[in-house]
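Number of protein chains: 2
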Amino acid sequence: MQEIPKIVLKNRILIHYPLCPLSRAVRMVLTEKNIDFDVSIETPWKIRPELLVLNPAGTLPILLEDNGSNIICDIQPIVEYIEDLQLGQPLFPTSPIAKAEVRRICNWFNIKFYHDVSLPLTRERIWKRISREGTPDSVSLRAGLENVKHHLFYVAHLVSNRNWLAGNVFSLADIVAAAHLSVVDFLDNIPWTHHVHARDFEPVRDWYARVKSRKSFRALLGDSITGFIPPEHYANPDF
Amino acid sequence: MQEIPKIVLKNRILIHYPLCPLSRAVRMVLTEKNIDFDVSIETPWKIRPELLVLNPAGTLPILLEDNGSNIICDIQPIVEYIEDLQLGQPLFPTSPIAKAEVRRICNWFNIKFYHDVSLPLTRERIWKRISREGTPDSVSLRAGLENVKHHLFYVAHLVSNRNWLAGNVFSLADIVAAAHLSVVDFLDNIPWTHHVHARDFEPVRDWYARVKSRKSFRALLGDSITGFIPPEHYANPDF
Numbered sequence: 432m433q434e435i436p437k438i439v440l441k442n443r444i445l446i447h448y449p450l451c452p453l454s455r456a457v458r459m460v461l462t463e464k465n466i467d468f469d470v471s472i473e474t475p476w477k478i479r480p481e482l483l484v485l486n487p488a489g490t491l492p493i494l495l496e497d498n499g500s501n502i503i504c505d506i507q508p509i510v511e512y513i514e515d516l517q518l519g520q521p522l523f524p525t526s527p528i529a530k531a532e533v534r535r536i537c538n539w540f541n542i543k544f545y546h547d548v549s550l551p552l553t554r555e556r557i558w559k560r561i562s563r564e565g566t567p568d569s570v571s572l573r574a575g576l577e578n579v580k581h582h583l584f585y586v587a588h589l590v591s592n593r594n595w596l597a598g599n600v601f602s603l604a605d606i607v608a609a610a611h612l613s614v615v616d617f618l619d620n621i622p623w624t625h626h627v628h629a630r631d632f633e634p635v636r637d638w639y640a641r642v643k644s645r646k647s648f649r650a651l652l653g654d655s656i657t658g659f660i661p662p663e664h665y666a667n668p669d670f
Numbered sequence: 432m433q434e435i436p437k438i439v440l441k442n443r444i445l446i447h448y449p450l451c452p453l454s455r456a457v458r459m460v461l462t463e464k465n466i467d468f469d470v471s472i473e474t475p476w477k478i479r480p481e482l483l484v485l486n487p488a489g490t491l492p493i494l495l496e497d498n499g500s501n502i503i504c505d506i507q508p509i510v511e512y513i514e515d516l517q518l519g520q521p522l523f524p525t526s527p528i529a530k531a532e533v534r535r536i537c538n539w540f541n542i543k544f545y546h547d548v549s550l551p552l553t554r555e556r557i558w559k560r561i562s563r564e565g566t567p568d569s570v571s572l573r574a575g576l577e578n579v580k581h582h583l584f585y586v587a588h589l590v591s592n593r594n595w596l597a598g599n600v601f602s603l604a605d606i607v608a609a610a611h612l613s614v615v616d617f618l619d620n621i622p623w624t625h626h627v628h629a630r631d632f633e634p635v636r637d638w639y640a641r642v643k644s645r646k647s648f649r650a651l652l653g654d655s656i657t658g659f660i661p662p663e664h665y666a667n668p669d670f
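Taken in sequence, the protein lines are chains A and B. Throughout the first sequence, residue numbering follows this note's numbering, covering 432 to 670 in sequence. Throughout the second sequence, residue numbering follows this note's numbering, covering 432 to 670 in sequence.
Mixed in with the good hints there might be a few duds.
As the list makes no split between identical chains, a pair holds if one copy fits it or if it spans any two.
Below are the DSSO-like pairs computed for lysine-lysine, each with C-alpha atoms no more than 27 Å apart in a straight line [claimed, not checked]:
1. 464 to 646
2. 477 to 646
3. 543 to 559
4. 477 to 543
5. 559 to 477
6. 580 to 477
7. 559 to 464
8. 580 to 559
The hints are simulated quantities; they were obtained by calculation from the structure and are not laboratory data. Note that the structure is predicted; figures quoted are calculated from it, not measured.
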């Protein structure tokens, strides 16, 4: 067993950051499956060397099990692992082709949406403010805000043709997508109303309201960070 | 069925680029499993609108089946899909925790190594030259070359402690990693010899030679691109 200072190990512990969309998705998956877990908060902008021992990529989230003898790193490996445990309700459809569509959308959010939107916005608006290191980069911020709109059009296209994001059943794709949107919404950077395209995004809003009403999601929306006040509609399922 | 101009559809067709590491990994997986497929070459630097219909992310590879009614996009969803079909030899170990380690290493190569090394090097040295669009960016090139070394240390650490990259059995992690290294090696950008750290990278070289000797890998090493001559050791299993 590797020595992991400052983290009290229990049977299953998620190392996460409350406003990290990748961590949020894992928390939601664990709750959807009624799997008990403890959490330990790490700051993604300053990964401690002890954490690099666990995940050399230096990214969150990290799931530890059995007093740290099981170390599972990164969003997709973690959620696939939890699914492989076959505990609770499955979050993948059964057919290989339908599973592939779920994974495609998860990747789209965890790689493309993350790099285009969730990472720049949280980095510029949250990480830099809390760490007091650097000032927000206006080019990066503007690009992030512009990308939100482009990407919402694609999400609107998907949910206009399907009951849920990757097909007709609720899946991991809905969890991952909602986790990313929730972080952007915490920052009040989703143009739900008072925007020229607000109407185009109505299908997204309807779908997001359905995810918001799930018990597993409501737990996330209760997170608070000192110095940040989310908009009023943020935690309200009927927004 | 969506209309896909200029691509003759057969039962299973992989849309790929010969020197795209992500595409190479899929070709190797299909060959390892003895799955028949045809290929169609696309240039990753200029994705045609017809391709965006298939994959809105605009990335390669794309796997089409059943005359295009099945569209599977992106490396990890494609390889997981092929595994889910349960054809041929499995490329994942059986235990969930061992599978998670395979997926962690795949992600490390397909996201981190790709962005730090394989993408900048192929973009600056191959894409720009063939497309005649832009000149190589020296900052990006230098960063890619510097990152190769850092990342080879990590690979050396992994293969020094294990028989194969993700554990004691050959897995998808070895295929994905070798696919990325093969592209960098085609460009003669791996410091195997005549380098201060060449000795540190010997475990990587031994592991890579073992992957090179597989039939599925030798097929990839026969690819040629007009105007580019790989180094002599490139296609030689005993290099």
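These are the hints, each one checked on the structure:
For a Cα distance limit of 27 Å, the shortest separation of residue 464 from residue 646 inside one copy, 11 Å, qualifies, whereas the shortest one across copies, 42 Å, does not. Proximity of residue 477 and residue 646 under a CA criterion of 27 Å is satisfied in neither setting, with 31 Å inside one chain copy and 44 Å between copies. Taking the shortest Cα distances, residue 543 and residue 559 sit within 27 Å of each other both inside one copy (22 Å) and across copies (23 Å). In the homo-oligomer, the alpha carbons of residue 477 and residue 543 lie at most 27 Å apart both inside one protomer (23 Å) and across protomers (18 Å), since each shortest distance falls under that limit.
Only within a single protomer do residue 559 and residue 477 lie at most 27 Å apart by alpha-carbon distance; the minimum there is 11 Å, versus 36 Å between protomers. Only between protomers do residue 580 and residue 477 lie at most 27 Å apart by alpha-carbon distance; the minimum there is 24 Å, versus 30 Å within a single protomer. With identical chains, the CA atoms of residue 559 and residue 464 are never at most 27 Å apart, being 34 Å at best within one copy and 48 Å at best between copies. When the C-alpha separation of residue 580 and residue 559 is checked against a cutoff of 27 Å, the pair qualifies only within one copy, where the shortest distance is 24 Å, while the shortest distance between copies is 30 Å.
In this structure, the earlier hints numbered 2, 7 are contradicted, and the remaining ones agree with it.
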